[in-house]
Amino acid sequence: MFKLPRHETKTLLAIHGWSGVLLGLLLYAVICTGVAAVFASELNDWASPLPHATVSADLPPGLDDAIRRLANEVDPQFHEEVAVYRGAGGRLNLLFHRHENGPDGRPTERGVEFELDPVSFAPLDRREGWLEEIEAQRASTGVADFLVNLHVRLHIPDPWGLFVTGVLGLAMMVAAVTGLVIHRHLLRDLFTMRLGRDAVLRRRDVHVVAGSWNLPFAFILAFTGSFFSFATSVGLPALAMVKFGGDQQALFETLSGAPRAEDPRPARLTNVDAILADARSRSNAEPNFLSITHYGRADSMATVYTELPADELVYSSYVYDGPTGTFIREAPPMGTRPSVGASLVGLMYPLHFGNFGGALSKAVWVGLGFTGAYVTLTGMLLWAKRREEQPAWRRMARFIHYVGYGLPLALVCAPYAFFILRDSDIPAATSQGVAFLTVAALTAVAAVTTRDMDRLRRRLLAATGIALLGLPVVRLATGGLGWMQALEHGIAAVPCVDAALMIVGVASLWVALGRRVRMALPTRVEGQIKSEPQAT
Amino acid sequence: MMFLSVPAILLSTSFIAVLARRDPKRLRNLASAHARFSPSPLSARVRRLLGVLVPVPGVALMLLGAWWAFLVWLGALCIAGWIASRALAIHTG
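Going down the list, the protein sequences come from chains A and B.
So that you can map any letter, position 145 of the first sequence is 145 in the working numbering, and since no number is skipped, the others follow by simple counting.
So that you can map any letter, position 83 of the second sequence is 83 in the working numbering, and since no number is skipped, the others follow by simple counting.
Hints listed in this document are in silico derivations from the structure and should not be mistaken for laboratory results.
These numbers come from a predicted model, not from an experiment.
No false leads were mixed into what you were given.
In silico DSS-like cross-links for lysine-lysine, where the CA-CA straight-line distance does not exceed 27 Å:
| id | chain 1 | residue 1 | chain 2 | residue 2 |
| --- | --- | --- | --- | --- |
| 1 | B | K25 | A | K385 |
| 2 | A | K10 | B | K25 |
| 3 | A | K385 | A | K10 |
| 4 | A | K3 | B | K25 |
Isolated chain A, as found in the complex (with noise of 0.2 Å):
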């Protein structure tokens, strides 16, 4: 498509491959765990679903007694704010909290989450503490929370996780666009793949004609991506101190409105009940989060966010009167009143996510995440195989396959040690991070002392593929709901993530244990001199 004199293509080759290989292995892990996390909340219910029917409302009718029930609970410092959501399940979390500068001098939450039963109330779980510690003690969105968490910062502390993965997300934008630029025949080339001798040519093909059909959405996943992981850690505190002199608080009153005029004369909050009706009303969608400021006074507030209206790319959220439940305004994603600049904020948010046309706009997210990974993985292994020669390469290809395919094993045996140790004190957090790293350094053992790559690869997809079949078994074995007995409460998470996992799992062992052709090709591995299978 482009022409570009030879010395450039050549320019803008080594900065596509060396920005893909230095940084495509942490990419590829980044990836890989945002396929999964588009069906986070899918995959917390079938973790942990209630063992009876469930509502359908996020913010079933109700709430209102069990927000006044619980403010008589807690220490009436955190009645600052309120904030309530969906948990697994359809569990209600109530979080109230203050806002507070955190015992590492950064500004953070502290407060009591209670967790409820979404058709009686009744209480399921009381945890307590800074936010990082109830986040820690959220037992039953365990599963999607560690893959969440791994995408997002890479387990890595704040802010430094998200300028890692915000920088990841950079180097995916410029190997998209060097990658357009310097393939010449982009649309001659989109149907040919050679599958042939020339392991080379093979590599690039299957490289180029999969990073060439993903190109829109690499570029739109990887901005949209980096714009989450950059504009809390790094686009606030500099907008703040170029526009504002450093003052967060002005910044935070431009972006969101002047907060109410403090008033702390007690006064009873309307029903909320009400309020979530009038903002069901208002959207034509179901609430899914709502956030009460200052609870019991005279100038509290109730902001309701709701699921994308139906047609709608663009949220918007309603803000009412705590105590008159009067509504005052309908919020754009950002500001005070709607513009370019918000649509365009609020835009980001279906585009990383896919959640704006259900199963399928999310399956179809999956998709492109799954080609992404690909994309990634095969111009890993096409860099490196052309750089064979030198056997710091070739240790650089054995390292790309244990990751390549490590990475989804030890990913699918994590939620092993959930449902095993569910019950126990120790955190699902620390319980999965501890499996995924031991499945790991067995990985890395397979992968020292398997000579030929091929057959690594095989073995991991083979153990990737059994480890998918066990998952359901695993999870029945701990006490999950069965088929049957889900269904008739309503709950299709349960045999829908089951499926998937076994389909996925089949799969996976039909490619490991398909046919194996071997050609005639010499390379050098480790030395020696051997044939390198057909294995794309």
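Add chain B to chain A, keeping to what the hints say.
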């Protein structure tokens, strides 16, 4: 308007399937053993016509203001194109 994205995807995917199956460059690279079973390549004119038809359902979704259906269509199209290329990959012997 979710239902709109499905026929749009099917329509565009069918055009892509034809383009992929009868792509001249792909067929040129086909090993001689497979060549006699392969279809004839599309003429440049037909390819251009199909190339124009592929995005038409997406454009229609845009004109209808069904932006989320358009996004689903575009994403599905990218996956379908890759799958078609992968499924018709040539074993060059």
